[in-house]
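Peer 1: Sequence:
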Amino acid sequence: MTVFLRLFILSVSLMFFYFFYLYIEDDKYYPGASFQTSNMPLFELEDLYSDDVITNSDIEGAHLINVWASWCITCRIEHGFLVKLSSQGIPIMGLNYKDEKIDAINWITKFGDPYKFIIHDLKGELALDMGVTGAPETFLINNGKIIAHYRGEVNEMIWSDVFSPIIKKENLFNDN
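Following the working numbering, the numbering of the sequence shown begins with 1 at its first residue and continues without gaps.
These are computed hints drawn from the structure, not numbers from a lab. If you're wondering where the values come from, they're calculated on a predicted model, not measured in any experiment. The beta carbon of each residue, even a glycine, is placed where N, CA and C say it ideally should be. A few of these clues could be false.
What the hints assert, rightly or not - Beta-carbon label-pair distances, calculated as ranges: (1) E170 <-> K84: 16 to 26 Å; (2) G131 <-> E44: 18 to 28 Å; (3) G89 <-> V53: 22 to 32 Å; (4) S11 <-> T37: 35 to 45 Å; (5) E170 <-> V12: 39 to 49 Å; (6) S11 <-> T55: 57 to 67 Å; (7) R76 <-> L7: 47 to 57 Å; (8) N106 <-> L128: 22 to 32 Å.
Said to hold, decoys possible - Lysine-lysine pairs mimicking DSS-like chemistry, simulated, CA-CA at most 27 Å apart: (9) K168 <-> K145; (10) K169 <-> K116; (11) K116 <-> K98; (12) K123 <-> K145; (13) K98 <-> K84; (14) K168 <-> K116; (15) K84 <-> K168; (16) K110 <-> K98; (17) K98 <-> K145; (18) K169 <-> K145; (19) K110 <-> K84; (20) K145 <-> K84; (21) K84 <-> K116; (22) K123 <-> K98.
With the hints as constraints, model all of the structure from the sequences given.
Peer 2: Rendered as structure tokens:
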């Protein structure tokens, strides 16, 4: 009986470690990545720099939407990579999340503006509708559909492993 019990415990332990190994070896797994397709929520919010209203109709074709705030430390770390993407012709829209306008404008003035335009979401209404849990988060949008969502800092590795395969598969940003 004790031999059977020992073999059972050993077998269960080996299966646990085997499945854990397979889980961490999966190159396509990123805890912050979601690839569920959904519609971009309807919205009407002000532009960061003016009282102009931005709506869904202002979002055409393929874009990244980057959720950021001046109070977000990780947003500062990510920002240089977004500037690089923008300089390569990747269209990025900013979604300024739960931030005072003056703080956001001062932050962008200091660190540079990689965005085609910036939506000011003071109360976090659009962000909530999009499923944002904090900043930074980045969405890949194509023709009004969210096709990828990443929670956390986008950097070279995340860009290559999470966003680039979808961009190639969907044939987005052909000029880049």
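Peer 1: Please verify whether K110 and K84 have alpha carbons no more than 27 Å apart.
Peer 2: holds (16 Å)
Peer 1: Lying within 16 to 26 Å: is that true of the beta-carbon distance E170 to K84?
Peer 2: holds (21 Å)
Peer 1: Is the hinted pair K98 and K145 satisfied, with a Cα-Cα distance of at most 27 Å?
Peer 2: holds (23 Å)
Peer 1: Indicate whether the distance between the beta carbons of R76 and L7 respects the range 47 to 57 Å.
Peer 2: 55 Å Cβ-Cβ, so the 47 to 57 Å window holds.
Peer 1: Does K145 pair with K84 here, judged by a C-alpha cut-off of 27 Å?
Peer 2: holds (25 Å)
Peer 1: Could you see if the CB distance from G131 to E44 stays within 18 to 28 Å?
Peer 2: holds (19 Å)
Peer 1: Next pair to validate is K123 with K145; report whether the Cα-Cα distance is within 27 Å.
Peer 2: holds (23 Å)
Peer 1: Holds or violated: are the alpha carbons of K84 and K168 at most 27 Å from each other?
Peer 2: holds (19 Å)
Peer 1: Is the hinted pair K116 and K98 satisfied, with a Cα-Cα distance of at most 27 Å?
Peer 2: holds (20 Å)
Peer 1: Are K84 and K116 close enough, with their CA atoms no more than 27 Å apart?
Peer 2: With Cα atoms ~14 Å apart, K84 and K116 stay inside 27 Å; holds.
Peer 1: Take a quick look at whether K98 and K84 sit within 27 Å of each other, Cα to Cα.
Peer 2: With Cα atoms ~25 Å apart, K98 and K84 stay inside 27 Å; holds.
Peer 1: Holds or violated: K123 and K98, Cα atoms, limit 27 Å.
Peer 2: holds (5 Å)
When each numbered hint is compared with the structure, no violation occurs for any of them.
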